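A.B. asks: Assemble the complex: chain A is given as a structure, and chain B must be docked to it using the hints.
2 protein chains.
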Amino acid sequence: MRKTVSAEALDQIFRSARTYNGWTDTPVEERVVRQLYDLLKWGPTSGNSSPARFVWVRSPEGKAKLAGLAAEKNQPKILEAPLTVIIGNDVGFADALPKLMPHNTEATQKAFAAPGVSEVTAMRNGSLQGAYLIIAARALGLDCGPMSGFDNAGVDRAFFAGSQIQSNFICSIGNGDPASVFPRNPRLSFAEAGHFD
Amino acid sequence: MRKTVSAEALDQIFRSARTYNGWTDTPVEERVVRQLYDLLKWGPTSGNSSPARFVWVRSPEGKAKLAGLAAEKNQPKILEAPLTVIIGNDVGFADALPKLMPHNTEATQKAFAAPGVSEVTAMRNGSLQGAYLIIAARALGLDCGPMSGFDNAGVDRAFFAGSQIQSNFICSIGNGDPASVFPRNPRLSFAEAGHFD
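One line per chain: the protein sequences are A and B, in this order. Residue 187 in this note's numbering sits at position 195 of the first sequence; the count goes up by one each step and never skips. Residue 100 in this note's numbering sits at position 108 of the second sequence; the count goes up by one each step and never skips.
Treat the hints with care, as some may be off.
Pairwise CB distance ranges (calculated) [to be verified]:
1. A/Ala183 - B/Glu111: 19 to 29 Å
2. B/Val173 - A/Lys91: 14 to 24 Å
3. A/Pro68 - B/Ala63: 41 to 51 Å
4. B/Ala56 - A/Asp143: 40 to 50 Å
5. A/Pro68 - B/Pro19: 46 to 56 Å
6. B/Asp169 - A/Pro175: 38 to 48 Å
7. B/Gly84 - A/Gly141: 14 to 24 Å
Below are the DSS-like pairs computed for lysine-lysine, each with C-alpha atoms no more than 30 Å apart in a straight line [claimed, not checked]:
8. A/Lys102 - B/Lys57
9. B/Lys102 - B/Lys91
10. B/Lys102 - A/Lys57
11. A/Lys102 - A/Lys91
12. A/Lys65 - B/Lys102
13. B/Lys(-5) - A/Lys(-5)
It is worth saying that the hints were derived from the structure and are not from the lab. Keep in mind it's a predicted model, so treat the numbers as computed, not measured. Quick reminder that beta carbons are idealized off the backbone N, C-alpha and C, glycines included.
In isolation and in its complexed conformation, chain A is listed as follows (with noise of 0.2 Å):
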């Protein structure tokens, strides 16, 4: 059996990372980010299905264009960030599959294709991949802020038109400022959160 990663590791990944709302001037380069995807395109989904699609904004015209499809309050939190990826579920992800699932396309695809099948599958694994986005980004020192509130259909439009993606959810990721963190919320007991059968 493997041994637990070490208790850095741990508090850096879960205990001690936090949710950052503002941002130090630190760019995040591109380097940096193929190396995020080469982590996060590991973690595991259903029939390797991978539907997680990743816009990252990190141009000025794009970092407007996002913000001013974002509530209020999380407007700050990209136009400030170095870097603001858009994590989109491609529902459409099962074309893919040739490359994905080489040794059983056509199963696969078939099982994808019942109704209502494709949808879930997508937002259930696209949202396992954004998980892992959060926790390979965090592993590589940098910190993120993901967000929820902003316009989905309008970052349709504006980011994934004439596709089948579906904006999930949008996360900040770079240097964040310490004095940024909210006081931390409490979580619910091990009882309170479920059982043994």
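C.D. replies: Chain B in isolation, oriented as in the chain A frame:
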């Protein structure tokens, strides 16, 4: 800026981690399950909504009940595993906001009460928490076998009757049998999965 966690930790949680389909007899102690929850609970969710609920199925009766509601190929993956957790999304999660968001309970409850918002919030954030569970388990040296091939409505009736909890996916946890791992499938390239804007 924080450092990257060790290459060994990145391997263990992402790069070398695999989905297991068979299991050794090594049990998962209750202490370890509680340790796992005490890590995953810190992962961020929208408004600290924390909608995931967990049934940690380890009794022979519980396993038989769950396996009977699973796709045939998944039945041995449940029966042989020391533990299979059902990850459910509580659509009624807003009832817990007095604990989870004590300083802003009413405004947060109001935001989540808009039509359709609690459902999508539960699915998005419950799935994020399911991914935190997978990563936290791997970080603790455990192996995972996540599955979505089962009768969701049947599992809801059998395990979540009288609640607003909806099953999302299930995940066997334990000491995986290396011989049960399938060859690894390719992932999308950075350019196939997104772009800069």
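A.B. asks: Starting from the hint list further up, note which numbers the structure goes against and sort them upward.
C.D. replies: Checked against the structure, no hint fails, so every one of them is satisfied.
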